[in-house]
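A.B. asks: Sequence:
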Amino acid sequence: MANVALAPLAGPLAGAAWLTVGEWRSMFWLFAVCSLLAFVVLWRIMPETAGDRSHSIALPNLVRGYRRLARDKQVMYGSFAIGLVFIPILT
824 MANVALAPLA
834 GPLAGAAWLT
844 VGEWRSMFWL
854 FAVCSLLAFV
864 VLWRIMPETA
874 GDRSHSIALP
884 NLVRGYRRLA
894 RDKQVMYGSF
904 AIGLVFIPIL
914 T
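824 is the number of the first residue of the sequence shown in the working numbering; add one for each residue after it.
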């Protein structure tokens with residue numbers, strides 16, 4: 824949860840620090856290298872997570888699941904808290 828709240832604050836600071844080293848176009852190369860590195864590492868260490876696909880997804884089951892989540896107070900409090908975190912980002 825802290826990464827969701829701190830990333831919008833740390834991103835501009837890290838970008839400004841990077842601009843002291845190189846020009847703004849070099850950030851795109853940095854992003855490309857980081858993305859490629861993340862892709863390779865995840866490709867090697869992340870296990871296959873394909874679930875059981877023998878059952879089809881039915882709309883009534885989806886509605887029932889969302890209704891169950893909407894009645895869960897812990898889920899609703901967490902969703903509300905995350906929404907409050909994003910208010911400063913959207914304004």
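Honestly, the hints are just simulated from the structure, not real lab data. Please note that the accuracy of each hint is not assured.
Distance windows between CB atoms, simulated [as the list claims (entries may be wrong)]:
id, residue 1, residue 2, range
1, Ser879, Leu859, 34 to 40 Å
2, His878, Ala825, 34 to 40 Å
3, Asp875, Gly901, 24 to 30 Å
A virtual CB, placed ideally from N, CA and C, is assigned to each residue, including glycine.
A.B. asks: Compare the structure with each hint and give your call.
C.D. replies: Now the hints, each set against the structure:
no.	hint	verdict
1	Ser879 / Leu859: 34 to 40 Å	37 Å, holds
2	His878 / Ala825: 34 to 40 Å	37 Å, holds
3	Asp875 / Gly901: 24 to 30 Å	27 Å, holds
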